[in-house]
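Student: Sequence:
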Amino acid sequence: MDGFKLSLLSFLPFVFVLAIAVEATGDEIGTFIVHVQPQESHVAATADDRKEWYKTFLPEDGRLVHAYHHVASGFAARLTRQELDAVSAMPGFVSAVPDQTHTLQTTHTPQFLGLSAPPPPQGKRWSSSSHGGSGAGAGVIVGVIDTGVFPDHPSFSDAGMPPPPAKWKGHCDFNGGSVCNNKLIGARTFIANATNSSSSYGERLPPVDDVGHGTHTASTAAGAAVPGAHVLGQGLGVAAGIAPHAHVAVYKVCPNESCAISDILAGVDAAIADGCDVISISIGGPSVPFHENPVAVGTFGAMEKGVFVSMAAGNAGPNVSSVINDAPWMLTVAASTMDRSIRTTVRLGNGLYFDGESLYQPNDSPSTFYPLVYAGASGKPSAEFCGNGSLDGFDVRGKIVVCEFGGGPNITRIIKGAVVQSAGGAGMILPNHFPEGYTTLAEAHVLPASHVDYVAGLAIKAYINSTANPVAQILPRGTVLGTTPAPAMAFFSSRGPSVQNPGILKPDITGPGVNVLAAWPFQVGPSSAQVFPAPTFNIISGTSMSTPHLSGVAAFIKSRHPHWSPAAIKSAIMTTADITDRSGNQILDEQRAPANFFATGAGHVNPERAADPGLVYDIAPCDYVGYLCGLYTSQEVSVIARRPVNCSAVAAIPEHQLNYPSISVRFPRAWNSSEPVLVRRTAKNVGEVPSEYYAAVDMLDTTVTVRVFPRTLRFTGVNQEKDFTVVVWPGQGGARVVQGAVRWVSETHTLHSK
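Heads up: the sequence shown runs through residues -26 to -1, 1 to 728, numbered per mature numbering (1 follows the signal peptide of the UniProt record, and there is no 0).
One should not assume that every hint holds.
Stated by the list, open to error - In silico EDC-like cross-links for lysine to aspartate or glutamate, where the CA-CA straight-line distance does not exceed 20 Å:
| no. | residue 1 | residue 2 |
| --- | --- | --- |
| 1 | Lys354 | Asp366 |
| 2 | Lys658 | Glu610 |
| 3 | Lys143 | Asp248 |
FYI, nobody ran anything at the bench for these hints, they're computed from the structure.
Sequences and hints are given; from them, build the entire structure.
Tutor: Written out as structure tokens, the structure is:
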């Protein structure tokens, strides 16, 4: 599957984000997420007490869908609009929002990220003190909120794994519970209507992954090492998650590519209660104010419980301000490429060559030239996209057909090839349009194909128009490593600035999200290619794929620093990120132009450096409340905080004063250019002592002046904190957006804030 689907944040992947409100009108019943707060006369001592109290708001039994205990002070219930009006008049009611559907948004990536240690010998365990991929994630539990899991895949083997930590309270919803093990320690279903009609009331169906997305993301974050992994013979190597020694718990909240928010909240609520340390969510919906976003509310609760949350930035790039999942207490993950190409090369009759990508590369691909034709020449409306029926009556038999990228969610890239094949075509060339630039995708097409970049596409179409008898070949080149530039931003990766909090740089970070190989429940590719034995893997793309990479990195850090807060882990990831590519040049975007911070965030993740940052910027939950009081009313903040908050009694924290790892300063149009903005930060020493850090400022735009006071930070103790101030003068006549960085440099560490 591919194309712009209304689905997960992957290219099952590419999606435009869509939210569908399930809102009741009149006597029609719909699902609502209701926020309530107990009065002084009623304090729920236990989860059962709380659930019974929730039921007192409802007109009858059977209306409660989910009772929330950690992610919200409230519940999900099926109500008519009139019944909701009655509930809203009851003591303790705060607010309600209609349920919505959010959408879903690697053999080589551990090595690409510098985690290159080999897997343990058979029957042996990894040492928790070892580096990189060996003991990464030991003792940490990663909760994956997704489409379920294929538990029999060897990526979830528990060979060499110890039992889960004693704090683990979860269970396994697979029949008998014996499917789970010391790697896959839990698997649960939280889809409200996913019950077995033949069983007793309330029994959930097992969390089997019918989509593949959850299996892929879970194995990317913390899958076991599997030698000989490949997809249709490509990407051959040892597949392993970023934190292969971490435990995995999977929470099925999506029956397909659409996921009800009420179910997502229930999954996150259970993950917190079960004892997960890291939660990975490759799902997203539109950007709305945080108090109207149940997932933002729920992840705030996770943060308060000390649980790190990694979320997809979205696949609506390269559009400006398309980033989603942008609350400051979550890590918002963009997607970029790695230095691997699953290459097929187009050779034209004029001798020009153009490299593209495709997973399906049959060994019997002939080296002869075929006639080359443009699908749009058929004359039918939108025929250039090769949709169903578009080639009827157009002679493409024995020819290579050029099919344009895009055309709508029902004309996926795989479907294009199937249309060409059914019309008798010999192959397909898929050129990008300008917005996609140089980002190409390796996918399991049904015939020889090559997805080429925009510039190559222009040249190929110009050649077709230049000769009466254009011809071409598609040459299989296999898996090529060491490609450049890498990393580069993927065109689909959503961009900032954030609509909800433009004073916080979003996305936060980028990681591998293009052509990622990981576990898959079933075979892919044409039936003629099904000659490879299990286990099965797939290569897909999206911020859904980059997110579990960062979840694995967070588990890697958590295993080394078990007492660090989510904010400290995020700071370590962001301030140590690479700001250049593997060649030492600036990270590029999909057009091969320098990528700005609204694309890359702090930069590309560097796991080993993140595990030893030297300094961190920590944020207490109460600081987020002060920040929220600078944005919203007391009632709105109370929804997020899940308790009454009086903002008039709280010191509001402006966006740029939140102790965030990045620094963003906004100047109103009427700002006096001679008046600076003072940005205050507090750095905590988590490295060696004594240590001394020196400030440096990197600014390319000379119209903006930045100074740091004091210029030196001296630490004599671990966890000692020091304050500093960044002073920013905007100047006159400068660019609308100016980028720079503040660096703190010691003998052993360098960390930067953009």
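Student: Tell me, which hint numbers fail for this structure?
Tutor: Of the numbered hints, just 2 does not hold.
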